[in-house]
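Generate coordinates for the entire structure from the input sequences, incorporating the hints supplied.
2 protein chains.
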Amino acid sequence: MDEPKFHLIGHFKLSADATKVKEDVAKLIFKSNEDILRKGAPSGKGAKVINWDLDKNAIMVEIVSDRYVRAHDALIRLRKVLAALLGKNHIGIRGIGIEDFTIQMPSEEPLKKNIPFVKEMRYEDGKILLALDVDEQQIENKVPDRIISLISEKVESSKYGKKEHWELLGQSKKKIHKFKEDPTKELTKRRWIKHGAGRGQWVFGPQVTRVFRAFGEVIEEEIIRPLGYNEMMFPKMVPWDVWKRSGHAKGIYPEMYYVCPPKTRDPEYWEEVTDYYKVTQEVPLDLIKERIDYPIGGMCYAQCPPFWVFLQGETLPDDIFPIFLYDRSGTSHRYESGGIHGIERVDEFNRTDLIWIGTQDQVIEHSKKLQERYQHLFDDILDIQWRNAWVTPWFMAQEGLTGLAETREVGTIDYEAYMPYKKDWLEFQNLSVNGSKYPEGFNVKLQSGEKLWSGCSGIGMERWGAAFFAQKGLDVDNWPNKFRKKVGELPEVFRFL
Amino acid sequence: MDEPKFHLIGHFKLSADATKVKEDVAKLIFKSNEDILRKGAPSGKGAKVINWDLDKNAIMVEIVSDRYVRAHDALIRLRKVLAALLGKNHIGIRGIGIEDFTIQMPSEEPLKKNIPFVKEMRYEDGKILLALDVDEQQIENKVPDRIISLISEKVESSKYGKKEHWELLGQSKKKIHKFKEDPTKELTKRRWIKHGAGRGQWVFGPQVTRVFRAFGEVIEEEIIRPLGYNEMMFPKMVPWDVWKRSGHAKGIYPEMYYVCPPKTRDPEYWEEVTDYYKVTQEVPLDLIKERIDYPIGGMCYAQCPPFWVFLQGETLPDDIFPIFLYDRSGTSHRYESGGIHGIERVDEFNRTDLIWIGTQDQVIEHSKKLQERYQHLFDDILDIQWRNAWVTPWFMAQEGLTGLAETREVGTIDYEAYMPYKKDWLEFQNLSVNGSKYPEGFNVKLQSGEKLWSGCSGIGMERWGAAFFAQKGLDVDNWPNKFRKKVGELPEVFRFL
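Those protein sequences? They're chains D and A, same order as listed. For the first sequence, position 88 (counting from the first letter as 1) is numbered 88 according to this note's numbering, and the numbering increases by one without interruption. For the second sequence, position 417 (counting from the first letter as 1) is numbered 417 according to this note's numbering, and the numbering increases by one without interruption.
Errors might be hidden in some of the hints.
Stated by the list, open to error - Think about it this way: if two alpha-carbon atoms lie no more than 30 Å apart in a straight line, the pair counts; the simulated DSSO-like pairs of lysine-lysine are:
| hint | chain 1 | residue 1 | chain 2 | residue 2 |
| --- | --- | --- | --- | --- |
| 1 | A | Lys194 | D | Lys278 |
| 2 | A | Lys194 | A | Lys173 |
| 3 | A | Lys263 | D | Lys278 |
| 4 | A | Lys127 | A | Lys45 |
| 5 | D | Lys263 | A | Lys194 |
| 6 | A | Lys113 | D | Lys289 |
| 7 | D | Lys263 | A | Lys250 |
| 8 | D | Lys278 | A | Lys39 |
| 9 | A | Lys5 | A | Lys88 |
Since the hints were derived computationally from the structure, they do not count as laboratory data.
Structure follows, in structure tokens:
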């Protein structure tokens with residue numbers, strides 16, 4: 001969908017009557033059509049003022065353009081040179097008005113969507129015709145450019161669908177699985193877990209917690225210590241600013257748990273609510289809704305974005321890299337689709353998140369090392385049947401995008417475990433090279449000027465548990481020896497009647 | 001404020017004309033005034049029907065009473081015996097109407113508050129006069145009783161104020177503190193911590209995380225292992241039902257971080273929001289507010305309430321008790337007052353929560369053991385100057401109550417550390433015997449019928465850190481030997497330009 005065409009009618013508001021300099025303006029516009037409105041564009045391309053007029057305190061212009069110098073950018077370029085000319089005559093430009101702004105985008109099919117700041121959209125002769133409703137501020141903020149990107153994205157998506165990329169990379173040997181039950185059912189029956197009071201939420205009893213901690217010890221011994229990871233603690237309430245920088249603000253709205261603070265902490269402001277509860281023992285949701293503020297963000301979704309605040313705005317010496325960090329200080333929360341099932345697909349989960357940061361080479365090299373460690377861990381310690389695949393990068397998926405990153409070095413590997421009870425595979429962890437996305441989003445730089453890259457890998461306890469229990473069952477005697485030793489004696493704390 | 005007086009005029013709606021049994025009704029009401037309306041009350045006390053009438057399909061009654069058989073309870077008692085009498089004549093009671101319900105409560109002073117279901121409140125001759133606006137459902141749900149409790153509570157509170165109880169129990173030796181700085185300032189200066197993007201929220205770098213983990217190891221060696229604690233993982237998103245059972249629904253509204261789910265996970269429903277963001281790079285809070293649901297609860301506040309779901313509704317064998325459990329799987333969040341300061345008073349914090357459950361004797365005995373372990377830990381390992389005090393129980397404070405529990409066995413001990421930089425004390429952890437509150441709230445029973453009790457103790461990493469760094473500073477050479485060994489080498493990961 002190349003070659004959109006732009007047509008804009010607008011005017012510059014002046015601080016005084018400029019009639020006396022009309023001739024100079026004419027010359028300037030004639031000259032601009034030859035130079036600044038073509039600057040940077042290939043020969044014969046660019047923007048052009050096809051009509052103009054000066055009426056006392058206003059200069060009206062009509063501009064047509066291609067994608068090389070978009071009409072609204074041409075308008076801003078014109079303002080600059082006009083301001084210089086008028087300034088000499090003590091006349092200022094007070095603002096810009098847009099009377100009419102239309103864009104033509106070639107497209108094989110129409111797009112039936114409402115787009116912000118688009119007051120009209122038609123489809124004619126293989127073109128989408130847009131009439132924009134934007135003002136000076138929005139032009140300055142590049143709103144028209146983003147409208148074009150958004151429409152391209154939507155046309156692509158309706159053409160190619162939302163299917164995620166998936167390409168097998170490798171797989172373990174097949175294994176014989178004695179256990180063939182749904183692990184959640186067995187865990188529940190044995191009272192090792194119980195469903196929490198909330199959606200997709202579990203309380204983990206002492207036995208499962210012991211197994212999760214053994215996973216943690218394996219991670220520590222096989223990854224954290226040998227690869228030189230250091231622990232940090234990342235915040236778990238994530239404000240909008242973090243998600244704006246990480247890119248999540250583009251797409252996670254349907255899956256977030258939103259967090260709203262009280263409008264004030266004054267107990268008197270809340271007295272009606274507490275009184276109503278004390279008298280009825282019912283929580284008065286309508287009274288509460290009036291008293292809470294706009295959401296300030298959400299509960300932890302992807303774990304690593306809030307880390308980057310620690311480095312935000314910094315320039316760092318090259319020799320401290322590569323750096324390896326991890327966090328396991330709290331839960332993540334996602335409003336999952338109808339497919340929530342047992343501990344396999346939950347709304348609340350416990351994850352250890354690994355982050356590595358360095359130059360492009362350092363980050364790619366470490367990704368390979370980490371893949372080797374995981375392979376060893378799954379083959380030799382957990383002894384599970386697994387495979388991995390090259391997929392749509394998690395940060396693209398979470399921004400609502402499909403396909404793959406632009407370069408083959410950047411992307412996500414999903415690890416999947418075979419689930420004998422349903423003869424299907426379950427994604428149980430991932431590993432990603434995120435390119436320079438996060439350092440750029442949070443404005444973190446290398447002293448040398450070389451680009452900083454990063455990678456991350458999320459290890460979900462519930463997913464590891466689901467995979468392990470599904471293949472190995474709940475009887476420790478059937479667990480692989482090395483892991484069984486790590487677990488030790490399972491604590492038997494409760495007995496139910 | 002004893003001896004309230006009740007006056008109620010109401011009627012029973014009948015399914016048919018009952019004129020023919022008027023005489024029987026007369027006899028029944030006369031008899032009721034002698035027996036069921038006095039049952040359970042001291043001699044000469046109780047409720048009395050002082051006036052009544054039967055008009056075809058309705059029986060009107062006027063009842064006066066004292067606090068022993070409250071007028072609205074008398075009405076329910078009457079319904080029962082009337083229903084039996086009328087039933088014999090194939091007449092049913094279809095419902096109850098309340099024409100007028102007033103309560104007199106002696107009080108030294110007026111109360112200037114709006115109370116739910118109170119349509120009028122006056123103060124006359126040392127009495128608060130209430131006119132209630134309640135229906136049958138609300139009488140069944142004991143709304144009038146709770147209105148009386150609420151008013152008593154408010155009168156007490158305005159009389160005695162909101163001052164928390166505080167009574168010194170013990171204290172360590174005084175120490176000489178070389179370090180006299182605000183620990184947060186020093187930690188920030190050394191780049192060991194950085195303020196997060198949210199209110200009262202910190203990102204903890206590798207050095208502080210190492211110290212927090214060393215606290216964890218000390219807790220494990222001195223408390224968890226010797227006292228036989230087992231780890232569990234409690235959910236961190238807390239739905240209303242949990243807080244209704246734990247009592248928190250009575251009072252934490254001004255301090256909660258509320259959690260709202262999306263109304264639906266359908267991406268099309270959210271397309272306007274994502275499009276707006278993509279085009280403007282601003283999060284459209286108004287569009288979001290329309291698309292999120294009522295709050296379903298809040299972020300973890302007190303840590304142990306969601307555990308009780310694991311045992312909810314169970315009857316358990318006596319011989320598995322006492323049971324010792326802990327959770328350290330995530331963060332807690334409170335909308336703190338203006339006094340948020342550094343890592344001392346934060347909105348988001350990391351806590352290890354200990355719970356012990358058993359008979360009254362077991363729980364009280366363990367509380368003493370735990371106090372001994374803490375004393376040893378603070379004196380011999382962390383070597384800090386501390387004191388502890390008997391205070392308003394945390395669960396009462398969090399329900400908006402003051403004073404102390406009814407029995408001396410139930411209550412909270414606050415531990416405070418001296419903060420040399422401000423010559424003041426900081427509460428850095430607590431220890432509570434909660435009586436039978438939680439087992440009762442979540443309906444957990446002992447097989448023997450004996451009452452189940454519980455206790456809990458919250459160990460906040462940020463508070464321990466604030467206390468330790470404030471007294472010992474940030475130079476490991478000045479740290480007590482035993483703890484320094486636990487910490488080992490502090491990881492030096494970052495260097496900033």
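Status of the hints after comparison with the structure:
| no. | hint | in the structure |
| --- | --- | --- |
| 1 | Lys194/A x Lys278/D | 41 Å, violated |
| 2 | Lys194/A x Lys173/A | 34 Å, violated |
| 3 | Lys263/A x Lys278/D | 28 Å, holds |
| 4 | Lys127/A x Lys45/A | 20 Å, holds |
| 5 | Lys263/D x Lys194/A | 26 Å, holds |
| 6 | Lys113/A x Lys289/D | 22 Å, holds |
| 7 | Lys263/D x Lys250/A | 18 Å, holds |
| 8 | Lys278/D x Lys39/A | 28 Å, holds |
| 9 | Lys5/A x Lys88/A | 35 Å, violated |
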